[in-house]
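Q: Starting from the known structure of chain A, fit chains B and C onto it as the hints suggest.
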Amino acid sequence: MAVNFVRPKIPKLASDPWAIQFDSEGRLRHLLTIEGLGPEWVTRILDTAENFMSVTDREVKKVPLLRGRTVVNLFFESSTRTRTTFELAAKRLSADVLNLNISTSAATKGESLLDTLRNIEAMQADMFVVRHDKSGAAHFIARHVAPHVSVLNAGDGRHAHPTQALLDVFTIRRIKGDFTPLRVAIVGDILHSRVARSQIHALNTLNTGEVRVIAPRTLLPADVEKLGVRVFHDMREGLRDVDVVIMLRLQRERMEGGLLPTEQEFFRLYGLTEEKLALARPDAIVMHPGPANRGVEIDSRVADGPQSVILQQVSNGIAVRMAVMALCMARRSEDNA
Amino acid sequence: MAVNFVRPKIPKLASDPWAIQFDSEGRLRHLLTIEGLGPEWVTRILDTAENFMSVTDREVKKVPLLRGRTVVNLFFESSTRTRTTFELAAKRLSADVLNLNISTSAATKGESLLDTLRNIEAMQADMFVVRHDKSGAAHFIARHVAPHVSVLNAGDGRHAHPTQALLDVFTIRRIKGDFTPLRVAIVGDILHSRVARSQIHALNTLNTGEVRVIAPRTLLPADVEKLGVRVFHDMREGLRDVDVVIMLRLQRERMEGGLLPTEQEFFRLYGLTEEKLALARPDAIVMHPGPANRGVEIDSRVADGPQSVILQQVSNGIAVRMAVMALCMARRSEDNA
Amino acid sequence: MAVNFVRPKIPKLASDPWAIQFDSEGRLRHLLTIEGLGPEWVTRILDTAENFMSVTDREVKKVPLLRGRTVVNLFFESSTRTRTTFELAAKRLSADVLNLNISTSAATKGESLLDTLRNIEAMQADMFVVRHDKSGAAHFIARHVAPHVSVLNAGDGRHAHPTQALLDVFTIRRIKGDFTPLRVAIVGDILHSRVARSQIHALNTLNTGEVRVIAPRTLLPADVEKLGVRVFHDMREGLRDVDVVIMLRLQRERMEGGLLPTEQEFFRLYGLTEEKLALARPDAIVMHPGPANRGVEIDSRVADGPQSVILQQVSNGIAVRMAVMALCMARRSEDNA
Chain A
675 MAVNFVRPKI PKLASDPWAI QFDSEGRLRH LLTIEGLGPE WVTRILDTAE NFMSVTDREV
735 KKVPLLRGRT VVNLFFESST RTRTTFELAA KRLSADVLNL NISTSAATKG ESLLDTLRNI
795 EAMQADMFVV RHDKSGAAHF IARHVAPHVS VLNAGDGRHA HPTQALLDVF TIRRIKGDFT
855 PLRVAIVGDI LHSRVARSQI HALNTLNTGE VRVIAPRTLL PADVEKLGVR VFHDMREGLR
915 DVDVVIMLRL QRERMEGGLL PTEQEFFRLY GLTEEKLALA RPDAIVMHPG PANRGVEIDS
975 RVADGPQSVI LQQVSNGIAV RMAVMALCMA RRSEDNA
Chain B
675 MAVNFVRPKI PKLASDPWAI QFDSEGRLRH LLTIEGLGPE WVTRILDTAE NFMSVTDREV
735 KKVPLLRGRT VVNLFFESST RTRTTFELAA KRLSADVLNL NISTSAATKG ESLLDTLRNI
795 EAMQADMFVV RHDKSGAAHF IARHVAPHVS VLNAGDGRHA HPTQALLDVF TIRRIKGDFT
855 PLRVAIVGDI LHSRVARSQI HALNTLNTGE VRVIAPRTLL PADVEKLGVR VFHDMREGLR
915 DVDVVIMLRL QRERMEGGLL PTEQEFFRLY GLTEEKLALA RPDAIVMHPG PANRGVEIDS
975 RVADGPQSVI LQQVSNGIAV RMAVMALCMA RRSEDNA
Chain C
675 MAVNFVRPKI PKLASDPWAI QFDSEGRLRH LLTIEGLGPE WVTRILDTAE NFMSVTDREV
735 KKVPLLRGRT VVNLFFESST RTRTTFELAA KRLSADVLNL NISTSAATKG ESLLDTLRNI
795 EAMQADMFVV RHDKSGAAHF IARHVAPHVS VLNAGDGRHA HPTQALLDVF TIRRIKGDFT
855 PLRVAIVGDI LHSRVARSQI HALNTLNTGE VRVIAPRTLL PADVEKLGVR VFHDMREGLR
915 DVDVVIMLRL QRERMEGGLL PTEQEFFRLY GLTEEKLALA RPDAIVMHPG PANRGVEIDS
975 RVADGPQSVI LQQVSNGIAV RMAVMALCMA RRSEDNA
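Residue numbers (the working numbering), protein chains in the order written: chain A, 675 to 1011; chain B, 675 to 1011; chain C, 675 to 1011.
Same shape as in the complex, but just chain A (with noise of 0.2 Å):
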């Protein structure tokens, strides 16, 4: 299994805000955002992911690129799902992996943020897969981690989900092949959400064709069209002709903030249906980062259809995630040859 590690040329200016996702080399040290990457980069970590896609298919699907690596994942919010990805890519990488649950143990003892990073850091960690629920969290890290040491944000807030991003352009890729054709619609809840953030940014760099956004008044950010996307507020209408639609989890707790109907009438409005799926094209796909909320956001009878590749999302994740941490740890090996 061999990682391409020829890096593209992207100069790096010091004023640049996600310059700190690159070493002095130019080298990708750290996933905190997709801004910044670029196409080169972008492609870069899909290509690395395509070949390890082999990996996860085959029957040993171990390759020792992170033999003797720390990975260490720092959930200061809770989610199986998502720490289950990485610690399974890490696996896969052979790297070992610590999970710490911070809420429940350093922080109870009053020790700061900054302390239990260090401490990990201190015990030869290599990499830490950051989940946090506060905008930012993964980039203050990153800003005070020891030279070595690599970060992935998991999630921060509603800032970024990186990863998310990368695997969803990654399963349009290996269906669509190239963006600068395509429309893709991504319903639901803009303004809480940190993956809808990263896939309209991923998207863009892509270069595809039309990135919508469709979503009632109250979820949507102000400006929103400045990120790049054409704003629908009616479902049947941004849906027309689109190549791609990705729906976002409803975080159900909005509900109580007043932002929001009732989950009958949000589904009667923004909820994917085989009537209004119709309305795209007819070799669409439908995606969603999961957990799914049937009946919420999305109908069972779409979400198991023919047209839904949600399980080859979380499938391609892995692979995905292997190539990041892979991408991020070449350079070490790099440093050591």
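These are computed hints drawn from the structure, not numbers from a lab. It cannot be assumed that every hint is accurate.
[To be verified] For each label pair, taking beta carbons as the anchor points, the in silico distance ranges come out as:
hint: 1; chain 1: C; residue 1: Gly851; chain 2: B; residue 2: Arg741; range: 44 to 54 Å
hint: 2; chain 1: A; residue 1: Asn775; chain 2: C; residue 2: Arg817; range: 28 to 38 Å
hint: 3; chain 1: B; residue 1: Pro821; chain 2: C; residue 2: Glu1008; range: 43 to 53 Å
hint: 4; chain 1: A; residue 1: Val905; chain 2: B; residue 2: His818; range: 35 to 45 Å
For each residue, glycine too, the CB sits at the ideal point set by N, CA and C.
A: Just chains B and C, lined up with the frame of chain A:
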């Protein structure tokens, strides 16, 4: 460490409710219940476990049979002890192990059981070890998993706990040899015990001379005789001349339902003491699936006494679980060969 | 990575209360307390740890010394930080690791400690790492385990925390070399601290010039001088000319018992500030077992300052724990050779 993969010929009828445990080639795919295995498969599992005994005894307790495979412990009912034995068995076969306690993760996000399954499957899991408090849960899961996935029942409601029963007959066979001349008594709460149900099937499958159950009427299922057992309500009568005494764990929560007298009263009538044990054959062995309620169903002098093989059961349990895992996975090695 | 297995000759008397730490051949079997190790064994452990430092520094941080061995973290008192260091140490020796948090598992089923032990033992565990809030728990377990099992004390009540003390003297030795000319001050709640107790024994075992304790009368054990320390109640006096300052973690729950004034008052009297540290030798180092209560026992400028070696302690802790594990297991490799 060679596992003999020549499989016994047992023709499976489409109408056989246990046929689901085998693939279309008649090879073991799932282990859900002892029923339907027949003496050939039970014996094959025990023979394979015998091979693994040398692995667990030696210094480096590893064989690479499941290297690169992912075994997922899917526990909807918490049981550290049972999970631990499956985890150790999988690790000694060099598998990657993922522990998921479902009640505290996806379920809290409203994800359905099937969605959870599909998702873990999509992460290229090879085997699910399932524990659930609903009878039939493991069957349900086995009916819905992808063709490459195997399901092991680690206890479902009151229905079955097949690996426990297999380790019990394995333990008996190691000490007593042939089953045909043996009298085996199972004592305690038969009604609520998945362990007892599986033990009865395993003992009868191996043609045990006489299987007895000893319990008050309130703790026996209706028509228990149809399972092929002789029923005793008086423990002294039931223990007379038996070769094996299997004590069941008393679920204390049953007490509250009024099905049982006090613990003291239960111990007086159905607790195993040295005095009662003296009625069995002098070389009778005492078994218990653990953890034992000392002073409720068993006296400490018996649990720790010379006739007790309770700890041998635990050791044997690792080898038996390794055997079941190896046999279910052998199917796929053959397909890939 | 060769661990030198030539063992120091220290005749063990049957009446020696610490003889339990050695097998009948005088080889290290358990690590329960620093007492009884003698300078030879402490030195051997530190020398072995020194060898392992190169392992934790290199890219592939693995050695196969414990491959196929099962290390069980048996934590009756939760401590993510300590468990993590033992887990990493074991994994870097290629052992399989099982984490059992006992309060939330078997104990809830009413299983006794001994039954739990016997059961895990029967699963062919090779080593128990025990943390318990009762003093003597690790000794109790060591007295009852099977002959092939080793027990490491990861902290028992107020009694001992030997690996912490070993990593502390290891850290001092790496920086200061010889112990005989050194003055070492331990500051804070000596009374309730298993760490302090083990540190005092380790420092005196290595013939440290002067071991001082600095604490209010209410936080000192009766007869503390008998441990071989010089007592100070005034921190400025006690710190004068010391080479090493070891701060203890203040257990905040002690505050409520009336043993202590407010945190502010404690910090004023016994908190380590730059101003107080200036009384020590200019090349004095500052240590803390972590996690530090900043602003209570130590000022952040000191904790993060140039004299602090707190994070080196953490790194060194992995190597020291690897050393103890490797030495205890070496015994069995010899027996099998």
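Q: Between Gly851/C and Arg741/B, does the beta-carbon spacing fit 44 to 54 Å?
A: 46 Å, holds
Q: Is 35 to 45 Å a correct range for the gap between the Cβ atoms of Val905/A and His818/B?
A: Holds - the Cβ-Cβ distance for Val905/A and His818/B, about 40 Å, lies within 35 to 45 Å.
Q: Does the hinted range 43 to 53 Å hold for Pro821/B and Glu1008/C at CB?
A: 49 Å, holds
Q: Is the hinted range of 28 to 38 Å satisfied by the C-beta distance from Asn775/A to Arg817/C?
A: 34 Å, holds
Of the numbered hints given earlier, the model fails none.
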